[in-house]
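A.B. asks: Turn these sequences into a full structure, and let the hints guide you.
Protein chains in written order, with this note's numbering: chain L, 138 to 255; chain Y, 23 to 127.
Hints are computed from structural coordinates only; laboratory data are not their basis. Among the hints, erroneous ones may be present.
Pair by pair, the computed Cβ-Cβ distance ranges are [what the hints assert, rightly or not]:
| # | chain 1 | residue 1 | chain 2 | residue 2 | range |
| --- | --- | --- | --- | --- | --- |
| 1 | L | K192 | Y | F31 | 35 to 41 Å |
| 2 | L | K192 | Y | T52 | 22 to 28 Å |
| 3 | Y | E36 | L | K201 | 46 to 52 Å |
| 4 | Y | M75 | L | T154 | 44 to 50 Å |
| 5 | L | N207 | Y | E24 | 40 to 46 Å |
Pulled a few chain Y residues facing chain L out of the computed Cβ check, cut under 7 Å [claimed, not checked]:
| # | residue |
| --- | --- |
| 6 | P61 |
| 7 | G64 |
| 8 | L65 |
| 9 | L67 |
| 10 | I71 |
| 11 | F117 |
| 12 | T119 |
Result set (DMTMM-like, lysine to aspartate or glutamate): computed pairs, CA atoms no more than 20 Å apart in a straight line [what the hints assert, rightly or not]:
| # | chain 1 | residue 1 | chain 2 | residue 2 |
| --- | --- | --- | --- | --- |
| 13 | Y | K89 | Y | E24 |
| 14 | Y | K92 | Y | D25 |
| 15 | Y | K78 | L | E243 |
| 16 | Y | K78 | Y | D100 |
| 17 | Y | K58 | L | E196 |
| 18 | Y | K90 | Y | E60 |
Just so we're clear, the structure is a prediction, and the values are computed from it rather than from any experiment. Ideal Cβ placement from N, Cα and C applies to all residues, glycine included.
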Amino acid sequence: GAVVSQHPSRVICKSGTSVKIECRSLDFQATTMFWYRQFPKKSLMLMATSNEGSKATYEQGVEKDKFLINHASLTLSTLTVTSAHPEDSSFYICSARDVQDRGSYEQYFGPGTRLTVT
Amino acid sequence: GEDVEQSLFLSVREGDSSVINCTYTDSSSTYLYWYKQEPGAGLQLLTYIFSNMDMKQDQRLTVLLNKKDKHLSLRIADTQTGDSAIYFCADNLFFGTGTRLTVIP
Numbered sequence: 138g139a140v141v142s143q144h145p146s147r148v149i150c151k152s153g154t155s156v157k158i159e160c161r162s163l164d165f166q167a168t169t170m171f172w173y174r175q176f177p178k179k180s181l182m183l184m185a186t187s188n189e190g191s192k193a194t195y196e197q198g199v200e201k202d203k204f205l206i207n208h209a210s211l212t213l214s215t216l217t218v219t220s221a222h223p224e225d226s227s228f229y230i231c232s233a234r235d236v237q238d239r240g241s242y243e244q245y246f247g248p249g250t251r252l253t254v255t
Numbered sequence: 023g024e025d026v027e028q029s030l031f032l033s034v035r036e037g038d039s040s041v042i043n044c045t046y047t048d049s050s051s052t053y054l055y056w057y058k059q060e061p062g063a064g065l066q067l068l069t070y071i072f073s074n075m076d077m078k079q080d081q082r083l084t085v086l087l088n089k090k091d092k093h094l095s096l097r098i099a100d101t102q103t104g105d106s107a108i109y110f111c112a113d114n115l116f117f118g119t120g121t122r123l124t125v126i127p
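C.D. replies: Structural data, given as structure tokens:
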């Protein structure tokens, strides 16, 4: 089946620094990737939709200047958390849709990245 | 915005059936989904149902959709310890809180 990887799986950074998280579709092409944030005991929150070759679409309440998204190719999207603060500590998950999948709109999820800001 | 709700916890005995419920608010969705998240792993699609269907069965899994009430359920027959996980229902890109299923041996 379709595989999505994320790197790194865990990262600890100091407050004020920036962190980049990569999301790759390994065996398929994804024109659209999604970034989610998962809070403990809460739902996945969709942060933004990343479209290859164009600007990301951010959900209401998500700061686009803080969470920079770049979808440079059909297999790679990156999320950069700029000037990270402890409240940005969370589990970030990406997903991707296969360009060939025109039926179910199934998303393939990455394993997530645990970000801890100290 | 879209709201998808689930209860947070469910415990069942091994061999019993599990029923996980979900309600949603957006009536325009074409598909509704159930995902499974095991500890330390990413979400995996379990099953999905097209919005014009009432029921879908896939081996031990049965999905029921009541479109009028905007209610979706996932039934797992003969629940096994390996079914212990968090189950998310999703209305396209919007997810519920997840239901943590604990299977008691």
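A.B. asks: Verify the interface restraint on Y/L65: the C-beta must sit less than 7 Å from at least one C-beta of chain L.
C.D. replies: holds (4 Å)
A.B. asks: Min Cβ distance, Y/P61 to chain L: is it shorter than 7 Å?
C.D. replies: Where the cut-off is 7 Å and the nearest Cβ of chain L is about 11 Å from Y/P61, the hint is violated.
A.B. asks: With a cut-off of 7 Å on the beta carbons, see whether Y/T119 makes it to chain L.
C.D. replies: holds (4 Å)
A.B. asks: Starting from Y/K92, check that the Cα of Y/D25 is at most 20 Å away, please.
C.D. replies: OK: Y/K92 and Y/D25 at ~11 Å, within 20 Å.
A.B. asks: Between L/K192 and Y/F31, is the Cβ distance one that fits in 35 to 41 Å?
C.D. replies: holds (40 Å)
A.B. asks: Given a hinted range of 44 to 50 Å, is it respected by the beta-carbon distance of Y/M75 and L/T154?
C.D. replies: With a Cβ separation near 49 Å, Y/M75 and L/T154 satisfy 44 to 50 Å, so the hint holds.
A.B. asks: Should the hint that Y/I71 touches chain L count as held when the rule is a Cβ pair under 7 Å?
C.D. replies: violated (10 Å)
A.B. asks: Can you verify the interface hint for Y/L67: is its Cβ closer than 7 Å to any Cβ in chain L?
C.D. replies: This interface hint holds because 6 Å falls under the 7 Å limit.
A.B. asks: Min Cβ distance, Y/F117 to chain L: is it shorter than 7 Å?
C.D. replies: Interface hint status for Y/F117: holds (4 Å vs cutoff 7 Å).
A.B. asks: Are Y/E36 and L/K201 spaced within 46 to 52 Å by their CB atoms?
C.D. replies: Once the Cβ atoms are compared, 47 Å apart, the range 46 to 52 Å for L/K201 and Y/E36 holds.
A.B. asks: Taking the beta carbons of L/K192 and Y/T52, is their distance inside 22 to 28 Å?
C.D. replies: At 26 Å between Cβs, range holds.
A.B. asks: With the threshold set at 20 Å, check whether the alpha-carbon distance from Y/K78 to L/E243 stays at or below it.
C.D. replies: The hint holds at about 16 Å.
Of the numbered hints given earlier, the model fails hints 5, 6, 10, 17, 18; all others are met.
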